[in-house]
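Here are the chains, one letter per residue:
Number of protein chains: 2
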Amino acid sequence: MQTRNPVIKALSDKFPILDWGSRYNKATFSDDAIAALIVAIMLIPQALAYALVAGMPAQTGLYASIFGLSVYALFGSSNVLSVAPVAVISLMTAAALGKLDLASEAEYVVAAMMLALLSGGILLILGLLRLGFMANFLSHPVISAFITASSIIIALSQIRHLLGIEAGGHNAIELGGSLLQGLAQTNSTTLVLGVGAIVFLLWCRSGLKNGLLNLGVNRRLATTIARAGPLLMATLTTLLAFGFRLDQQGVELLGEVPKGLPGVQTPDFSPELIRSLLGSALLISIIGFVESISVAQSLAAKRRERVDLDQELVGLGTANIAVSFGGGFPITGGFSRSVVNFEAGAASPAAGLFTAILICVVVLFFTPLLYWLPKVSLAAVIIVAVSGLIDFSVLRQSWIYSKADFAAVFLTLALTLLVGVEVGIAAGVLASILIHLYKTSQPHVAVVGRVAGTEHYRNVDRHKVEVFENLLSIRIDESLYFANTRYLEELVFKLVAQRPKLRHVILMCTAVNKIDLSALETLEKINETLQELDIDLHLSEVKGPIMDKLTVTSFFKSLSGNNYLIHNQAVEDLRDSEPQFSVPRPQTG
Amino acid sequence: MQTRNPVIKALSDKFPILDWGSRYNKATFSDDAIAALIVAIMLIPQALAYALVAGMPAQTGLYASIFGLSVYALFGSSNVLSVAPVAVISLMTAAALGKLDLASEAEYVVAAMMLALLSGGILLILGLLRLGFMANFLSHPVISAFITASSIIIALSQIRHLLGIEAGGHNAIELGGSLLQGLAQTNSTTLVLGVGAIVFLLWCRSGLKNGLLNLGVNRRLATTIARAGPLLMATLTTLLAFGFRLDQQGVELLGEVPKGLPGVQTPDFSPELIRSLLGSALLISIIGFVESISVAQSLAAKRRERVDLDQELVGLGTANIAVSFGGGFPITGGFSRSVVNFEAGAASPAAGLFTAILICVVVLFFTPLLYWLPKVSLAAVIIVAVSGLIDFSVLRQSWIYSKADFAAVFLTLALTLLVGVEVGIAAGVLASILIHLYKTSQPHVAVVGRVAGTEHYRNVDRHKVEVFENLLSIRIDESLYFANTRYLEELVFKLVAQRPKLRHVILMCTAVNKIDLSALETLEKINETLQELDIDLHLSEVKGPIMDKLTVTSFFKSLSGNNYLIHNQAVEDLRDSEPQFSVPRPQTG
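Protein chains in written order, with this note's numbering: chain A, 13 to 601; chain C, 13 to 601.
Take the hints with a grain of salt, since some may be wrong.
[Claimed, not checked] Short, incomplete list of chain C residues facing chain A, as computed with Cβ under 7 Å:
(1) S151
(2) H152
(3) L449
(4) L503
(5) L507
(6) A509
(7) Q510
(8) E533
Source of the hints: derived by calculation from the structure; they are not laboratory data.
Every residue, glycine too, gets a C-beta built ideally from N, C-alpha and C.
Construct all of the structure, not just a fragment, from the sequences and the given hints.
In structure tokens:
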């Protein structure tokens, strides 16, 4: 890598393309081109399918891929992330738009564009404010549970295409009920075609690859052919539909797909629409970012590369904004496609750009071929794709490991399935944060006494130690902050209420790393109340950084007792004090 | 205290009245009766005034006091808390109901009743589920800022009564603008009466008491007379209004106040109303609880008594539910009244019951006297009461102490003033939780090396220590949980990327007190990725409780390296290892 001046360094942090672009060569190009072709083969049926999951016209999935992939290539920091429609985000889009009262498909499309613009805007703002750390507030088990539940809902929502019936709903109950109602109208040709497609796709995943390997085909080619399974299946079923006029048997076809690129379009900027979509956009952007960054990070680590959280936000944000003006719907980095891109050897974000170009070619010249593609084929692609995401093991794992984690996981899973995706994920995030706060809101606190003959202090409940009637030593084993100050306050006064002869309370702060303003105010309140009971409050062994903060306040001025460097010194100093009168002492702090 | 069997003990935990009731005697009765009289004198004008703040008919403030005080006496655990209308909760009620499109006063009243029912229900459920700890999630500085901003809004909202004009709004901007518009219509008689009332009230607080003391009146009587200031002022202005027919001068009177107790009423149970009030009810119940419990705890501590958080939730919850059926609006324990009750010597919750009886008497017999009470007198009571709550010192304090705390305080203050109470407090709560999570999301982590000739390990950035090219020792100084695992992961891979000869990573867990499921999954992921890079992951000095949890999982089975009791043992064991091949070793954990 050439040495560069700081301006170029700073610029290329914001525009990663300046960095990898300057090092681009023939070898990188050929790696990227091969990866791009493999990803395009996989993405085309996915993009069409996920557009239908989102409730959008099929071609918008292709538009979203073109705009998403190419803009992410300019701003994103991952070499392998494939930013295009993904199952869960498409489902969340459908859920968000389903709540609105939209009269026509045209209205639905402009609302989806606004949703992409809003979630892109949120991501971009978070990135520019360097708030990438917010992705950390989602716990892994909660995300796993959410992905599992969403995948079930997606699979259920596709069964209607498999049966060739009308059905709908935004949670498992609604979908299940509506499927049961329509069951009698099942179209047997569609069902046979769909089941056949699913079996073929599953066979491609394992049987086909092994078969090719046994025939002596090299591993890379065999893997690539196996990955073309969805495209092969789509081609086959399209030919079947065309050859046997399956539409006359009641098989639903994709129908007319407009040819050519969309012009630049503008979303619907009505304030009412923005207001009603903002919450959904926030959820979509958070989930999209977390899903994307997890994939990008693990793939980068495998090559000892790094991705920049904040730059990823910018990349995803700009990609979604571009998609919005291209008539698409929210997108993000997908797991399986990115893994394929990685394994196919993508060497730079240009691979994504090349995929976008290939999809452009499809949009420009091949859309008429899509007319005869049966919808049930796309449903089969979706069902096979999401079935790989369903994983209940997190329930068992969390049950064994921690009941609190289990509670958050179960809540997310149950609410997503029974109520819907937005309620489910919101409840999961909230639950995991509350559970964490709850755990830290009850710090470990021990009344300590002196091990006879030493200067060591130990928990009175576990060790035989010396204690003095007129003083109480309390060791706090946690940083003090707003969520645990009330607990401390309660505990101190409970202990005080049990000790009528008490004259001094000493808080031993060996393990206190932080004291926030709430905690400081609580200490002041404890001090004041103890003073009215004629009890002095002392501190001992306060750490340096906390002392620095406390000395700029008036805390030590109002403290009725002293601040001791060493706990034993406090005990020696106070054990023989008179219990009646409060004697003012000079401050040592 | 008599020894009691466990059943009675358990029952009296749920019904504190069984406890204090069984010990009730003549002395307690006389203490309670005196306190009740003093509180009633103070509460009557307050109850009428806060009803107007809430936008309710004046008498509903009296109803809310009667039902609230008496039901709290049955279930509450504080001896001195005075549960009735308070300024901030009344303001929040007005804000919640102002958002709705309510046609008539009757509709407004039933909506307020539903709001009381919902917030009572939320409090009761939290209490029964023993979730009292949730009050801890509000930081003190945020509450201070909220109370200050709310008090300013309340004071501004009362200025229209002082000027005798029409004005309204839910934040400082709306109120200020509408007051400026109406300024020209100021009624001078009303203004003179109002300013006179305020001056009189302020004089009662200081001048009157000192004057009485100088005249030789004993301190207790002098304090009581001074506290009767609002009642005296209300009586005087009522007489003035009646004597000089001030209504003909444009002074607005309270007018007809229905005589007698309200029958049992039922709120409006329409699902739409419930849905639109639920968020507001949640905020009201949280703020009400936090305000109430803070007062109750500090007063109880002064007498070495205790209050039970969960029982307080039950007490406040049932009180609000009762108020709802009595035609009132949300209430909670007020600060100033409770202090008065405490100082007047209230010995048991019966004091509240007696206050309720006194107010019943007023409602039954004296409401006709209220006809001539000028509204401006009530506005004066409110302005004087809330002006004592305005305190900007929290801004300076938090600025000095911690910029993060300042950010939360400033946000709460600014949004409450400029947007409204609900947005303000919600933003404050969210900000303080996010700031806390942010602080803990970047744990202190140090790369450590060995102090030559010893077995001690220290930060390589601060000390001259031995390091080995093929191994990396990382000490983690914080519990691992979902909000900081991504940071750890990033850091490990960043450090690994810088060290091409690396063969072993050892995580030194001396200061790790907890590992949640997210963190466990991250460790598994780190292990897996390092393995692909031919690097082994080891742990050292893992604490006992964490070992107990980890051993029930398959973590140690999949761990590529070992678990060492002592860090130095790991370093000794691994420093000379071959860099090429991974040698399986037996687990020591």
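Against the structure, the hints:
1. S151: holds (4 Å)
2. H152: holds (4 Å)
3. L449: Since the shortest Cβ distance to chain A is 6 Å, the answer is holds.
4. L503: At about 11 Å, which exceeds the 7 Å cut-off, the nearest Cβ of chain A leaves the hint on L503(C) violated.
5. L507: Check failed: Cβ of L507(C) comes no nearer than 11 Å to chain A, outside 7 Å.
6. A509: Hint on A509(C): holds, closest Cβ of chain A at ~5 Å, below 7 Å.
7. Q510: violated (9 Å)
8. E533: holds (5 Å)
Consistency note: the structure conflicts with the earlier hints numbered 4, 5 and 7.
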